[in-house]
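Read top to bottom, the protein sequences are chains A and B. FYI, the working numbering numbers position 109 of the first sequence as 139, with every residue one higher than the one before it. FYI, the working numbering numbers position 6 of the second sequence as 23, with every residue one higher than the one before it.
It is possible that some hints are incorrect.
The calculated EDC-like cross-link candidates involving lysine to aspartate or glutamate, where the alpha carbons are at most 20 Å apart (straight line), are [as the list claims (entries may be wrong)]:
id: 1; chain 1: B; residue 1: LYS125; chain 2: A; residue 2: ASP115
id: 2; chain 1: A; residue 1: LYS43; chain 2: A; residue 2: GLU131
id: 3; chain 1: B; residue 1: LYS77; chain 2: A; residue 2: GLU131
id: 4; chain 1: A; residue 1: LYS87; chain 2: A; residue 2: GLU131
id: 5; chain 1: B; residue 1: LYS69; chain 2: A; residue 2: GLU131
id: 6; chain 1: B; residue 1: LYS77; chain 2: B; residue 2: GLU93
id: 7; chain 1: B; residue 1: LYS73; chain 2: A; residue 2: GLU131
id: 8; chain 1: A; residue 1: LYS87; chain 2: B; residue 2: ASP19
What the hints contain is simulated information worked out from the structure, not anything from laboratory work. From a predicted model like this one, the values you see are computed outputs, not experimental measurements.
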Amino acid sequence: KAGVTQTPRYLIKTRGQQVTLSCSPISGHRSVSWYQQTPGQGLQFLFEYFSETQRNKGNFPGRFSGRQFSNSRSEMNVSTLELGDSALYLCASSSGHTSYEQYFGPGTRLTVT
Amino acid sequence: GDSVTQMEGPVTLSEEAFLTINCTYTATGYPSLFWYVQYPGEGLQLLLKATKADDKGSNKGFEATYRKETTSFHLEKGSVQVSDSAVYFCALMARGSGGGADGLTFGKGTHLIIQP
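So here's chain A without its partners, still in its complex pose:
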């Protein structure tokens, strides 16, 4: 079974721009979660989508948004980029049921200049 894929792997943007990151979950998985990893704050939960609906949300500003498509692929959007948004963005997929096991992709490294 193919693992979680994320595109692009690296991205450089300028402050004030917006960015869209993509995640394809493991085949058959219906839940996709997004995390931000920075040296200062560590790993933080952004939000989770299940069957095209946002089911849970972390404590991030509204500039961070996402969506999920009928094939379970998910996109994350960050508008009005700030320098502090530079991070590794990780996507994780799971079946969405009670096992709660999440499988992570390699991440997208976003640099904001």
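We have chain A already, so just place chain B on it with the hints.
Chain B alone, transformed into the frame defined by chain A:
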């Protein structure tokens, strides 16, 4: 809110040494507990999990036991190898208000260095 505390390191050991990485947590209810490992330039890999008190998770020689009375989930390995060098994250997951999982809450990560 929920939180996870673990030693940050770096922890440096010689090959074949015994490993313990301490992890304690604070959470309401009965969270599921996990250890993830991250190699340089890669995402996180699930190492092991435990979903209820006294459960022992194990994988690749690593073990951890869910201790509800001490709110701990310490990671152990009897004999480490150079290839075990990585960053190890302890994490918990509680049921979210929207159903399903409320996202993983991670510790800061422990950087493990194994010397030949």
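- Task: Find the hints from earlier in the document that the structure breaks and name them by number, from lowest to highest.
- Result: 2
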